[in-house]
Amino acid sequence: MTRGVQFKHDGRAIDKMLKATIYIQRKDGTGKKDDDVIDFYEDDDYQEMVRIKYSTPELERNATFYLPIPRAINYLGDILKTFRHDADPFEYVQVSTQIHPSVLYHVSDLDSTEIRHLIEDTVEAAIRRPVRRVKKD
2 MTRGVQFKHD
12 GRAIDKMLKA
22 TIYIQRKDGT
32 GKKDDDVIDF
42 YEDDDYQEMV
52 RIKYSTPELE
62 RNATFYLPIP
72 RAINYLGDIL
82 KTFRHDADPF
92 EYVQVSTQIH
102 PSVLYHVSDL
112 DSTEIRHLIE
122 DTVEAAIRRP
132 VRRVKKD
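Last residue of the sequence shown: number 138 in the working numbering, and the count goes up by one each step with no gaps.
It should be emphasised that the hints constitute simulated quantities derived from the structure, not laboratory data.
Hints may contain errors.
Result set (DMTMM-like, lysine to aspartate or glutamate): computed pairs, CA atoms no more than 25 Å apart in a straight line [to be verified]:
1) 82 / 46
2) 82 / 110
3) 82 / 112
4) 17 / 125
5) 82 / 45
6) 28 / 115
7) 28 / 121
8) 28 / 112
9) 82 / 59
10) 28 / 49
11) 82 / 122
12) 82 / 121
Derived Cβ-Cβ restraints for the label pairs, each shown as a range [said to hold, decoys possible]:
13) 49 / 79: 29 to 37 Å
14) 61 / 130: 28 to 36 Å
15) 129 / 88: 17 to 25 Å
Virtual Cβ for every residue (Gly too), placed ideally from N, Cα, C.
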């Protein structure tokens, strides 16, 4: 059963909403369970900050940290630029947000500054838009 959103007295949501996810897929990947994943969460406890969770099943490692929104977008941009130079290359990057359709890019597409900026802009828009979950009936 889906739990409704709880709100603080000032109207802000208590729960930390997942705003965007980046799935990073290797050539020999067998599905989402093998993807590296970067999740971007809204966090009302820290205004203008994003909680980022990076998970890599291959190395069985997770890292969670906070960055101001502009630095979170720079972090994403830096990662996108490195993919073409990886000795054990990724093949696809999938961008999924709460407010946009999911889009799959081939890593070679990331050579384009326009595509990298499009991904950054999509994630930033998802982070900054005041979207709230609604209770399902």
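Hints, one by one, checked against the model:
no.: 1; hint: 82 / 46; verdict: violated, 31 Å
no.: 2; hint: 82 / 110; verdict: holds, 11 Å
no.: 3; hint: 82 / 112; verdict: holds, 8 Å
no.: 4; hint: 17 / 125; verdict: holds, 16 Å
no.: 5; hint: 82 / 45; verdict: violated, 30 Å
no.: 6; hint: 28 / 115; verdict: holds, 24 Å
no.: 7; hint: 28 / 121; verdict: holds, 23 Å
no.: 8; hint: 28 / 112; verdict: holds, 18 Å
no.: 9; hint: 82 / 59; verdict: holds, 21 Å
no.: 10; hint: 28 / 49; verdict: violated, 36 Å
no.: 11; hint: 82 / 122; verdict: holds, 15 Å
no.: 12; hint: 82 / 121; verdict: holds, 12 Å
no.: 13; hint: 49 / 79: 29 to 37 Å; verdict: violated, 20 Å
no.: 14; hint: 61 / 130: 28 to 36 Å; verdict: holds, 34 Å
no.: 15; hint: 129 / 88: 17 to 25 Å; verdict: violated, 35 Å
Violated hints, listed in ascending order, are 1, 5, 10, 13 and 15; each of the other numbered hints is respected by the structure.
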